[in-house]
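Residue numbers (my numbering), protein chains in the order written: chain A, 1 to 82; chain B, 1 to 82.
Treat the hints with caution; some may be incorrect.
[Stated by the list, open to error] Sample of chain B residues with no beta-carbon within 12 Å of chain A, all distances over it, derived:
1) P19
2) A53
3) V71
[Claimed, not checked] One-sided and incomplete, this derived list gives chain B residues near chain A with beta-carbon spacing under 8 Å:
4) L12
5) Q33
6) S36
7) A37
8) Y43
[Unchecked claim] Have a look at the derived ranges for each label pair, beta carbon to beta carbon:
9) K13/A <-> T3/B: 35 to 43 Å
10) A37/A <-> G32/B: 19 to 27 Å
11) Q34/B <-> H30/A: 21 to 29 Å
No lab work stands behind these hints, which were simulated from the structure alone.
For every residue, glycine included, the Cβ atom is placed at its ideal position computed from N, Cα and C.
One-letter residues, chain by chain:
Number of protein chains: 2
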Amino acid sequence: MSTFKAKIYVTLKPSILDPQGRTVERALSHLGQQASAVRVGKYIELNMEGERAEVEGRLSEIATTVLSNPVMENVRWELEGA
Amino acid sequence: MSTFKAKIYVTLKPSILDPQGRTVERALSHLGQQASAVRVGKYIELNMEGERAEVEGRLSEIATTVLSNPVMENVRWELEGA
């Protein structure tokens, strides 16, 4: 049994409008900062215990079914630890 | 003038309670999945144009003053591109 740290990145698919990103873009513009294509996603960290192969399987399931919506979002993850 | 892609990661400071993370943890537990220390942060992508040194300065300012709250959050960023 080892403890692993998972980092999960959830982003809206490119074809999905991102109103939050648009708002950030406008706010930056009003502050005199130029940035484009602003997209706001989620970054999730969690710890899991077990054997690496088994933890990878559970993480894959969690990431694709619970932490992200496969219709609208892309998800990728990293697993760190022993 | 080059175009750079910035990736910004915003996380709550460890001493700050994360109710969203607690909720995810409980939801996972109800689904029979064990995970601990769940923390939910933000992941922001944006494009910026200019010379690298100047873009790095602007990105640092945006990340620390607009995209994150330095009282409650940590922020780190990466800059990719020509």
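For each hint, the structure was consulted:
1. P19: Non-interface label on P19/B holds, nearest chain A Cβ at 14 Å vs cutoff 12 Å.
2. A53: holds, 16 Å
3. V71: V71/B clear of chain A: closest Cβ-Cβ about 19 Å, beyond 12 Å.
4. L12: violated, 10 Å
5. Q33: Holds. Min distance 6 Å.
6. S36: holds, 5 Å
7. A37: Holds - the Cβ of A37/B comes within 8 Å of chain A, reaching about 4 Å at its closest.
8. Y43: holds, 4 Å
9. K13/A <-> T3/B: 35 to 43 Å: About 21 Å separates the Cβ atoms of K13/A and T3/B, which means 35 to 43 Å is violated.
10. A37/A <-> G32/B: 19 to 27 Å: violated, 39 Å
11. Q34/B <-> H30/A: 21 to 29 Å: violated, 45 Å
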